[in-house]
Amino acid sequence: MPDPSSSVKPKYVKLGYQFLVNHFLNLLLIPIIAKIAVELLRMGPEEILNHFNALHFDLLHVICSSFFIIFVSTVYFMSKPRTVYLVDYSCYKPPVTCRVPFATFMEHSRLILKDNPKSVEFQMRMLERSGLGEETCLPPAIHYIPPTPTMESARSEAQVVIFTAMDDLFKKTGLKPKDIDILVVNCSLFSPTPSLSAMIINKYKLRSNIRSFNLSGMGCSAGLISVDVARDLLQVHPNSNAVIVSTEIITPNYYQGKERAMLLPNCLFRMGSAAILLSNRRSDGWRAKYKLSHLVRTHKGAEDKSYNCVYQQEDNEGHVGINLNKDLMAIAGEALKSNITTIGPLVLPASEQLLFLSSLIGRKIFNPKWKPYIPDFKMAFEHFCIHAGGRAVIDELQKSLELSGEHVEASRMTLHRFGNTSSSSLWYELSYIEAKGRMKRGDRVWQIAFGSGFKCNSAVWKCNRTIKAPTEGAWSDCIDRYPVFIPEVVKL
Amino acid sequence: MEEDRVRFICKRTVVSTKSVEQGQLYRFSVFDHVMEPNHIRLVYYFRSSKTREPGEITKKLRESLAYTLNCYPIITGRLVKDIDGMDEKDDLNRQWKVKSNDGGMRMVEARATGTVEEWLRSVNREEELKLVHWEDMYHLPYYWSTFYVQVTEFDSGGLAIGLSCSHLLADSVCAMMFFRAWADLTLTRNMMAPPLFHSLPPRRFANHGMISNNQLLSHYIKSCALNAPPSNLTEDSIVTVTLLFPDPMVRAGESEPGLSTFEILAGLFWVCVSRAKGKTNEFVDMSLCVDVRKLLRLDQSYFGNCMVYHKVQYSKPFKTKDSLLLSHAAQDIHNATKRLDYDTVMDLIEWLSSNSNPISNGSDLVCTNLEDMGNSRPMMFEKDLILSHVSCYVEGPVAGGGQVIVLPSPSCEEPTSRVVMISLPRREMVKVVEDELLLSFSPVLLMDYTKQKNV
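Chains as they are written, first to last, in full-length UniProt numbering: chain C, 1 to 492; chain R, 1 to 455.
Simulated from the structure, these hints should not be mistaken for laboratory data. Nothing here was measured: the structure is a model prediction, and the numbers come from that model. The reader is advised that the hints may include incorrect statements.
[Claimed, not checked] In silico negatives: residues of chain R with every beta carbon more than 12 angstroms from chain C:
id, residue
1, 47
2, 197
3, 244
[Stated by the list, open to error] With a straight-line cut-off of 25 angstroms between C-alpha atoms, the simulated BS3-like cross-links for lysine-lysine are:
id, chain 1, residue 1, chain 2, residue 2
4, C, 468, C, 337
5, C, 491, R, 81
6, R, 338, C, 114
7, R, 311, R, 431
8, C, 436, R, 431
9, C, 205, C, 172
In this text, a Cβ means the ideal position worked out from N, Cα and C, and glycines have one as well.
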C-alpha cells in the first residue's frame, strides 16, 4: 500500500525492515541449509552411507523412536483445537414494499410528534447526517400512523425475518433441518416466551436432542458472542454443525416519546437478519468459505461510565427507549484499544509487534510524550468489517486504525443500503465484499462489533476458497450501483 | 340509529418500490391551477365469489400499489409553493409545484360489516363517503399527501376501494385511469396504459385573433373572476341519489340520431331540475364538464386536468310537450359541444395563462360526462373480484349548485345503460325524483337519499 505522506527512501527502509523481521526464521534457515548442503557435497555418497550404518539401528531403537514419534504427533493433533469452518451464511433482504425513504420517515415523525417540533427538527438533523440511504426498511407495524407495535406484529416480523434467512441458508448449503446439532439465536431487544430458538425448532421440526441457546439483551455485539458460544461447543462435540441466527427485531423498540437522546435509534435501526452455518467436520473443509482464526471478547462493564453509556430506560412520560450517552464514541475508542491490545499479538506480524513494543517501552521509560505507535493492521488483514452502528462509529474507527476509504467501504455501503441492522450488519458487510469479488483464498477478515455493556468483540476469519462474483444474496440486485458517494449532509 | 358499519383499522403511507431521483419539480398546467380548491372522491365496489382471510387482499393491494407508484412520481411527491421566475414580490407568480421527494401516498385500511350487495342496497351519501378517506390540506402542505386510498374489506365478502385526490393534480378521468392501471398491474403484472406526463399543447403562433364569440372563454372569464357569484346553498343540505338508466336511448324515442346518451341524459336533467326549481319559462344555468383530451389530440393516458366547463344556452321554445322539450334540450347540448374545437380550447388555455383565479360554477347545475370511462375489458384486481358499482363525487366551488355525473354502468349488459349520480339541495331532489319525464325512463334507484340526515 503506497504511503502518501512519506517519500521514497523511508518507504523502502520500512519495507526492508518488515521483510527482515517477518521472515527472520526463514532467513536463519538459509545459512544452516547451505552449510548442511556443503557438508553433504563434501562428504560424498559413500561417507554418508558409512555414517548412516554407524548409527547401529536395532529393532528396539526403531520401535521406540517410531512409537515416540507417533505418540508426540497424536498428542499434538488431539490437543490442537478443532478448526471451526464457516460453511456459508445468508443475509435477509427485506421486501421493497417495506422501504422507508427519508421523506416518509420525516412526515410520519412530524405527524406523530406534532406537539414537539424541536424533537422533529432534531430527528431531521440526525437523519440528514446519518449516512443511511433511501432503501432501508422498517417492519410493517412501524409504517402505521401512529405505529402499532404489538407483540403479535413483533412475532410476525421475527418469523418473516428469521425464516426467510434460514430457508435461504438451507438452500445454499443443502443442510437438512434435522441435521442441525447446535442452534444459537441472538436478538437483543425482543425476548418472548417461548424463545425465538424454540420458535425455530418448532417451525423446522428440529431434533429433540438439539443444543439450543437464546441470547438476549447483549446488544449489537451479540453476533460474535454467538459465534464464540458455537465455537466452544464445537470443541466439545466432534463432527457437529451449528447454526447461528443473528437478528434484531425492530417492532417493539420503536421509541414513541420525545426525548432527543432516545430518538436516535429510531433513525438508525432497520430490519435485517443473518443465518450462519458453522461446522467442525473435516468433510466440510473443502466447501467452507472461511475458517475461524481468532475470536477476542472485551468487556468494559466494570467501569460505570461504560456500563451506562447505552441504557434502556423509561422517559418522563413512561415511554421506553434506549438512551445513548454523549461520550459513546470515547468509550468505544477505549474498548477498541483494549480489544486491540489482546488481538494485536495474535495477528500482527512480528515487525509490527516489535515496533509497538519498543514504542511502549520508550514511552514508559524514556519519554511519555512520544506518540504511541499504532500498529498497522492493514498488514494483518485484507478486509475489515466494522459494525455499521452509525456514521460516527465508522469515521472514528477509520481514523484511529488509519484505514483507507476502500477498507471501510463495506461498512459505509451497508449502512447506506440496509441501515444499522445491529448484530447482523457484520454479515451484510462480508456479503458486500464477496459480491464485489474481492475475497480471495487466504485473505484475512477482521470483524469488529461494539455493543451495549460496553463490549468490543472481534473475530478473525481466513478465507478458505476464492469466492466468485456475482454472488446470490442480499446485494445481488444492487451491487452494481455501489459504491455510492454519501454526502456529509443530505438536504431534506 | 344504526351503529357504524365501517370500522377504521389503520392508516399508513405506501411508497414506490424504487427510490425516486431527488429534487425533480413538476409544474402544473393552467387547467390544473384553475381547479385547485376542489377534490375528487371515487369509490369502486367489487363483489367476490370466494372467501378470503381478512387482511389478505389488502396486503396484496398494498404491495401492488407500491409497484404502481413507480410510474406516478407526481403522486408520491409533495406540494411546494415555489417562486416562478425572478420577481419575488409578485404574488401572482407563486404557484404550486410538486417536488418529487418520495413521500408516498396515504392508505387507510378499514372493515365493514355485511356484504357489498347489502351495503349498496341501503347506503346513502354520508355513509358512502366513509369508504373514501380524505384530509384537507394541512397548514404545512409539505407534509400533506395529495392522494388517499382506502381499502375496505367487507366481512362477508366483497371489497370497496376509495380513491380521493386533490383536483389540482388530477381530474376524474385520470384518477380513473390511475385506478385502472393499478388494477391491471395487480392482475397481470403489466400496466396496459402507463400515464403520460407532459404539458398541454403550446401556444399557437399564427396570427389568430381570439375567436369572437368563444362562449367557452366568456364562461371562464365570468366564472374565474374573484367576485364570481358564490353558490347560494344556505339552509338546504345537499343530498345525493344514484340512478341506473337501463336503456335511455330507447326511452328517448324519436330523437334525432347522432345524439349521445350523455346528451340525452343531460337534457333530461336540465328539464327536470329547472322544473324542480320552479322555472317555467326558462332553464336553469347549466355547465357541462367534458373531457377535451381528444380535442387537443392528447392520449387518454395524459395525466393532469383536461376537462373544461362550458355553458349551454337553450334556444328553442318552451311551451311544448315534454318529449319535444327534451329533444330540443339535448340538441342544444349537442350543438354546444360540437362548437368546442381545438382553437376554442386553445384560446382558453392561452387566456388562462394570465389568469390565476380558480373557477367557480356558482349555483349552476353542472353535468359531467364520464360515460366513456367504461371499457370493454373488465377492470379487476383479481379474477374473482368483479366490479359492481362506481361512485364519483366532486367537491368544491366547481360543483356549483347541483351536480349530475354520468358514469358507465359496470353491471348492466346494455351498452347504453348509464349510472347517474345526482347531487341537489333536498327540496329540489324531492321534486326531481318524482318528475314524470324522469320516471318515463324507468330508472332504477341504486342509492336513496331519504335516510340521509339533515346536517
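Minimum Cβ-Cβ distance from residue 197 of chain R to chain C exceeds 12 angstroms
holds (20 angstroms)
Does the claim that residue 47 of chain R lies outside the interface with chain C hold up, using a Cβ gap greater than 12 angstroms?
Holds, because the least Cβ-Cβ distance between residue 47 of chain R and chain C comes to about 27 angstroms, which exceeds 12 angstroms.
Is it true that the CA of residue 338 of chain R sits at most 25 angstroms from the CA of residue 114 of chain C?
violated (53 angstroms)
Hey, residue 311 of chain R versus residue 431 of chain R, does the alpha-carbon distance stay inside 25 angstroms?
holds (24 angstroms)
Within a Cα-Cα threshold of 25 angstroms, do residue 468 of chain C and residue 337 of chain C meet the stated pairing?
Distance of about 35 angstroms is beyond 25 angstroms: violated.
Hint check: residue 491 of chain C vs residue 81 of chain R, CA-CA at most 25 angstroms. Holds or violated?
Holds, at about 18 angstroms.
Tell me if the straight-line CA distance from residue 205 of chain C to residue 172 of chain C falls inside 25 angstroms.
holds (19 angstroms)
Residue 244 of chain R and chain C, when compared Cβ to Cβ, separated by more than 12 angstroms:
holds (38 angstroms)
For residue 436 of chain C and residue 431 of chain R, compute the direct alpha-carbon distance and say whether it is at most 25 angstroms.
violated (76 angstroms)
Of the numbered hints given earlier, the model fails hints 4, 6, 8; all others are met.
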